[in-house]
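Build out the structure end to end from the sequences listed, making use of the hints.
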Amino acid sequence: MASSPCSSVNFDSGLEIKTRSVEQTLIPLVSQITTLINHKDKPKKSERTQQAIQRVGQAVSVAVGRFVAVGEAIAVENEELKEEMGMACFEARRAGDAIAQLTDVGTAVTPPVDRRTTVFSDRTGMVKAARMLLSSVTKVLVLADRIVIKQIITSRNKVLVTLEQLERVSTFQEFVQIFSQFGNQMVEFAHLTGDRQNDLKDENKKARMAAARAVLEKCTMMLLTASKTCLRHPDCESARINKDAVFHRMRFALEQVMEIVTDARPCGETKVLPLSIYTGIKDFKSNVEGLREGLYLLPHQALSGQLEAVVERTEDFTDSAYTSHEHREGILQLCQLARQDTDQLITAWMEAQSLNAKEATEEMELSILKTCQSVHELRRELHKVAVGRAADLLKLHAEHLPLRALKASGGEGNLEAVAEYARTLGEQKEQLVETCRLLCHVSGTEPLEITCIHAEETFHVIGPQIISAAQTLALHPSSKIAKENLDVFCEAWESQLCDMAVLLREINDVFEGRRGDKRAYVSLPRPGEQSTIAKLGLELRLLTSDVDTEVEKWEDQEHDIVRQGQSLSSMAYSMHLFTRGEGLLKTTTDLFHQAEVLSEEGLQLCSSLHTFSTQLMDEEKVVVLSEMEKLMGLCQQLQMGVRTPVQGKTATFQKVDSSIQNTRAIITVVIYLLPVCNKIVRKRSSLGSPQSWRDRQSSTPVKDDVLNGKNSNGFGVKSLEQHMANLTFLESK
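Quick note on the UniProt record's numbering: the sequence shown kicks off at 1 and runs consecutively.
Among the clues, some could well be false.
Below, computed lysine-lysine pairings styled on PhoX-like, alpha-carbon distance capped at 25 Å [unchecked claim]:
#1 K586 / K630
#2 K630 / K649
#3 K205 / K586
Each pair of labels, with its calculated beta carbon distance range [stated by the list, open to error]:
#4 E596 / Q51: 31 to 39 Å
#5 E289 / D392: 34 to 42 Å
#6 E629 / H191: 24 to 32 Å
For the record, the hints were derived by calculation from the structure and aren't laboratory data. Remember, predicted model here, so these are calculated numbers, not experimental data. Ideal placement from N, C-alpha and C gives every residue a C-beta, glycine not left out.
And the structure:
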């Protein structure tokens, strides 16, 4: 379909979708509902098409039924959501039934001109049912997501309780016991928050979550050594200061995670990033260029006021003791030039208004271009200064000389030398903190601004912690624990310098247009590679047609093997559309997510095939199990490939190529299996009751790990995704 799946259905559930998993789960449903409604635009349909539409409606109803069953199971296990979830499930089931009824050929009205039966005589009813279904399904998913949030909160609370116990311990034995428990809780919390970070749609929240989780990861090791040092030297003031700082930072990071997860801040505050020069220039240029469309939308002083705000922020550069005279003069001259060009623009703008002009005059157009160019040059100069200083600092401190000196003097018990090198490290810290602030001004994206702020805070906090750890070692030079503690804090400093080097490359990439944001490559790289991928995509499309042909031959359209085969075919078809620059998959990240879901659905098919094989004779069983093992290997290979992170366009292309080739191999196996299994089903149906066959098939016990939610993304959300994926096979029709 050319248009967005949401464009034909005016859908507004009143619920904000904040995670990719919920959004991706809804996409196939929105797509299929749109397909159903759009059939109204084709008044004449063959009997075959009418029957296909009827199957679509029934399939939607059946898939929604399964989906609702999972939602109801979640409601039973979570009393606080029982009423809301129950109502949402009831509405979803009712809407699904209404869609099945509206697409039932048996109840359709025959038009007077054409005797062939058509469906959707009640388009209003279909739209109403579609809206109800989308709204209720979204509500179920959002409620299920609330349970995931609850799980993270519960995990955080456990960590906090144990953290307080660790802070109060007085013996090594007690500390070891409690820290062992704390370590396990932190691992669980890290997994939960990592999944949440990857699932967040908002890139700013994702960056904030990454920063908070990085603090927790580093602080866990710091907490171990700082606590041990304090226990070994209980009367040492510097050891106590060092330990208290770690506990304070961990609590602060835990609170940050909760703010992101629950989308709430204390006292109703709103998290606002400090306005950077990059953002100020971008907004200023937007208003300047907007004058072409509207001469009377802004007051004159608004434009000059915006520029002055940008110029004021450049004082972070010009007032710095570390900015060279040449760079300072260059920045000041460019600021003055931007002022002059803006004043000329305002003069031309006022003249155009006095003439009652409806659009920008030629003089005004020239002034717009000059003003935009001057602020662009200002941004370029600021970028050069910030990035140049950062690169110089990283080179200067690559050998970590102050850290080495602190370790050596601390180990010698030389308090005077420690004080001297502490001052050197303090100066280095101030340089790094200021440089991070300058990088934030020119970072180019909000997620990178957040990362710059995190780097600034990290240097600001760890610097004094290194000094207190070195002081402790100097007071107790023979203490192995004090030495280990200083090593851990120095390693955290070195690690942050490495992170700063990566950050610097990302800022340069954004400035030079190599990357639009931190998350995804929006399209495939070069034309030659695109043609290769397009060829693979075409092969994939032909294979999905073969799957559809084989599926139509099955009498039992609700058989698990049929449903899962159709689902795989539809997801493969979506990947084919991606190779043409069409469909719902817009980025390579979307493609890899789809490939991962496809691999999981393939493994579900393997499970169904294994159940199927238990009822077969030896020869038939060998054939099915052989193909099942082949399919399982291909699915695992695809899953491993898409979960492997890559960097750079060439590596991304290779990952796309590999994903589509593996998908092609999976669909090829499915095409072979469908007729083989259909033949066996027909043969056995002729020997016994089809009903007894299905009863035997459905009586297979469910594994405990599925009931307990293992191998899922938390409290049944994965099950919801898998049931909704059953709708996707309709997209290729």
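Results for each hint:
Among the hinted pairs, K586 with K630 is inconsistent with the structure: their alpha-carbon atoms are about 31 Å apart, more than 25 Å. Using a Cα cut-off of 25 Å, the hinted pair K630 and K649 is violated, with the two alpha carbons roughly 31 Å apart. The straight-line distance between the Cα atoms of K205 and K586 is roughly 21 Å, inside the 25 Å bound, and the hint therefore holds. Between E596 and Q51, the C-beta spacing of about 34 Å keeps the proposed range 31 to 39 Å intact.
For E289 and D392, the hinted distance range of 34 to 42 Å is satisfied, since their beta carbons lie about 35 Å from each other. Taking 24 to 32 Å as the suggested C-beta distance range, the pair E629 and H191 conforms, at roughly 30 Å.
Checked against the numbered hints given earlier, this structure breaks hints 1, 2; the rest are met.
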